[in-house]
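**Student:** If you want the building blocks of each chain, they are given just below.
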Amino acid sequence: MTMNAEITVSKTEFAPGEMINGNVSWHSSEDVLMAEVRLFWQTRGKGTTDVAVAATETFANPRPTDERAFSFTAPPAPPSFSGQLISLVWGVELVLVPGGSVHRDIVIAPGGREIPLDNPEWLEAADPSAGAGRLRFGS
Amino acid sequence: MGLTFQRRDRSAGQAGLVGRLVGTLFFGVFLLAGLVFLWLIGREALRTLETYWWPKAPAVILSSEVVDDPDEENPYSVGVQYRYTWNGSGQVSDQLQRSRQRFSDFSRAAGLVALYPAGCETECFVNPKRPEAVLCHGELWIGLFALIPAIFVLVGAGGIYGCWAAGKESKAGPLSDGNKRGGKAHWFGLLFVVVGLAVLLIWYLPAVVTGLVSLSWVETPCTIESSRVVEVDSDDGKTYRVDILYRYEFAGVGYRSNRYKSFRGSSGGRSSKEAVVDQYRPGSQALCFVDPAAPRNAVLVRGLGWEAAFGLLPLAFIGVGLGVFLSGCSRKGPVATLVVNGPPDLFAGGSRELKPRVSPFGRFGVLVFAAVFWNGIVSVFLFQVAGEWRQGHQPWMLTLFLVPFVLVGLAILIGVIYSLLALANPRPVVRLTPGVLTPGCSFEVEWTLRGSAGRLKNLNVFLEGREEATYRRGTDTSTDRHVFARFVVAGVDNPLEIAQGSARRNLPPCVPPGFVAENNKILWSLRIHGSIAFWPDLCEEFEVSVATGQ
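Each protein sequence line maps, in turn, to chains A and B.
Just so you know, my numbering puts 39 at position 39 of the first sequence, and the rest follows in order with no gaps.
Just so you know, my numbering puts 223 at position 223 of the second sequence, and the rest follows in order with no gaps.
Some clues are possibly wrong.
Claimed, not checked - Chain A side only, calculated, beta carbon under 10 angstroms to chain B, not exhaustive: (1) 18; (2) 19; (3) 32; (4) 60; (5) 61; (6) 65; (7) 69; (8) 109; (9) 111; (10) 112; (11) 123.
Since the hints were derived computationally from the structure, they do not count as laboratory data.
What you are looking at is a predicted structure, and each value in this text was computed from that prediction instead of being measured.
Yeah, the Cβ is synthetic: ideal placement off N, Cα and C, and Gly gets one too.
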């Protein structure tokens with residue numbers, strides 16, 4: 001089967017509580033039984049991926065070729081962040097059955113800015129436990 | 001601003017179907033093999049169970065002997081003939097149990113023969129539906145072996161279900177790429193523990209006990225009756241064991257045994273077994289060692305021998321299994337939890353007392369358990385090796401093999417001593433206000449040291465944020481940690497301030513909140529560190545909740 005799908009979002013960076021408005025359109029060579037837009041987050045990086053769906057909007061009576069609008073409220077948490085081991089990424093996903101899915105990354109964080117975890121100002125002192133696990137003879 | 005992208009999906013459906021069919025075929029083999037063996041073992045267990053409901057009848061043993069069939073892997077069985085009366089007519093049967101039992105150990109067959117000597121009057125159990133009788137019921141515990149094919153059935157059925165259930169999830173696109181698969185994999189760790197314990201308790205420990213006790217058994221002359229190498233078919237091809245039947249007299253009574261040493265079982269390498277057999281030619285005289293408390297038990301070679309080192313394998317099974325299981329249990333559910341506005345009870349009081357992540361007593365207890373368990377097993381081999389060195393032998397291979405295990409045991413013992421000393425350290429009681437921290441807002445830490453706070457030279461209090469990522473590499477599960485934030489809350493060296501004090505500071509506005517998902521975490525904690533001269537330092541970590549910014 002052949003599927004073309006498109007997600008249009010008003011912008012890519014949102015503060016918690018902001019409206020996420022957009023449109024989805026698709027063209028499928030087969031009848032579409034279910035069409036749904038999901039707001040989700042997933043982790044990326046070294047750890048095994050964790051995912052969760054925050055909100056879902058299901059479209060009634062989807063046609064093989066169609067266009068719909070959607071709207072979500074950006075949840076307060078978790079915020080998008082990026083660290084040495086883990087990144088948390090929000091996304092909007094269009095799911096068509098049969099057909100598959102497409103998605104688009106967005107940022108949801110205070111001020112609409114992803115939180116970087118590699119801020120050198122946050123490391124104020126040497127690791128206090130550097131000597132943990134060893135006997136220290138005086139200091 | 002408009003963002004567009006496209007995706008063309010031509011063959012996902014076909015590839016998915018082929019993958020599911022291949023997976024179904026693969027797991028189907030597991031399921032089928034499991035069901036066949038489950039049926040075979042279950043049927044045998046039911047046949048044995050059935051005899052418990054058969055009525056009793058008087059019987060007289062006509063003949064009874066150990067039958068030796070050299071062509072069999074387990075050559076010894078009980079040949080018995082008895083007469084019984086049922087419904088007024090005399091019948092003869094040669095069935096001891098419903099299923100013929102074969103033994104590799106002569107003494108087990110001989111033990112059964114001794115229970116039913118010729119001429120003895122006893123009772124048998126008669127099948128009321130057809131002319132069939134047994135002298136004894138048989139061993140029901142063999143039915144426990146049904147657990148092994150049952151695991152195959154579970155793996156097969158679960159795998160097939162997973163193949164098709166995973167197909168349904170694929171509708172969710174990237175959300176289905178999460179790690180829902182394998183989320184219950186830690187239960188396989190429990191399987192390792194059970195298998196390891198079973199091998200340890202059923203095969204290994206009895207053999208070790210026999211090996212050690214046999215050192216005090218009585219040296220007795222014996223005559224070799226037969227001597228051969230038995231081939232055993234196994235998954236890895238043929239293995240071999242020696243089967244030397246010998247007779248001896250103890251306290252005026254004659255016995256026979258084929259036990260060579262405490263460890264039974266077969267292994268590769270026919271030539272080494274043939275060399276042993278050559279030492280014990282039929283008709284020759286030799287020495288065996290007899291248990292004076294149960295003279296039917298005897299061995300030709302006493303002590304443990306190099307096979308004792310195999311006991312470390314089940315130990316490794318148990319260790320790996322426990323590690324996998326406990327690490328799996330300690331992980332949270334698949335849905336992330338995080339503090340958004342803070343639970344009401346945490347804010348209600350304005351402050352809260354923090355709990356340490358690991359209590360010093362808990363750490364000590366775990367280390368003591370590990371030390372007793374590990375060193376208890378390793379000491380058995382040490383005892384054996386030391387004994388051999390004392391006797392003038394030079395067991396270099398076993399000695400070198402044991403070195404890393406002994407070093408690990410010593411490291412655990414050092415850990416026990418360290419954590420024991422640390423129990424005498426003062427205990428910090430820490431109160432945080434507010435109970436949940438908010439980025440951009442200030443907070444206050446109050447501490448009180450219970451115990452001998454005067455021993456501390458200084459005290460440092462830090463707020464620390466770290467990332468934790470758990471991932472699987474092959475069959476191992478690893479967790480990487482990285483500290484991304486460390487804020488100094490207090491640093492004091494005045495004895496009065498060390499014993500009791502407080503400090504206030506601001507949490508920067510852009511720090512991330514705490515975040516706990518199944519495999520990925522952002523954790524915040526308060527760390528207390530105090531230096532003590534000539535003693536383990538005070539080092540404690542307390543869980544802290546950080547909410548999302550305003």
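**Student:** Determine for every hint whether it applies to the structure shown.
**Tutor:** Evaluation of the provided hints:
1. Evaluation of the residue 18(A) hint against chain B yields a violated restraint, the C-beta minimum of about 14 angstroms exceeding 10 angstroms.
2. Hint on residue 19(A) is violated. Least Cβ distance to chain B is approximately 15 angstroms, over the 10 angstroms limit.
3. Restraint check, residue 32(A) versus chain B: the minimum CB separation of about 12 angstroms is more than 10 angstroms; hint violated.
4. The interface hint given for residue 60(A) is violated, since its Cβ lies 18 angstroms from the closest Cβ of chain B, which is over the 10 angstroms cut-off.
5. The beta carbon of residue 61(A) comes no nearer than 18 angstroms to any beta carbon in chain B, farther than 10 angstroms, and the hint placing it at the interface is violated.
6. Of the supplied interface hints, the one on residue 65(A) is violated, with its beta-carbon coming no nearer than about 14 angstroms to a beta-carbon of chain B, more than 10 angstroms.
7. Taking 10 angstroms as the C-beta cut-off, the interface hint given for residue 69(A) is violated, the closest approach to chain B being about 13 angstroms.
8. Given hint, residue 109(A) at the interface with chain B, holds; its Cβ is 9 angstroms from that chain's nearest Cβ, closer than 10 angstroms.
9. The interface hint given for residue 111(A) is met, as the beta carbon of that residue sits about 8 angstroms from the closest beta carbon of chain B, less than 10 angstroms.
10. A distance limit of 10 angstroms between C-beta atoms decides the matter here; for residue 112(A) the minimum to chain B is near 12 angstroms, and the interface restraint is violated.
11. Evaluation of the residue 123(A) hint against chain B yields a held restraint, the C-beta minimum of about 5 angstroms falling below 10 angstroms.
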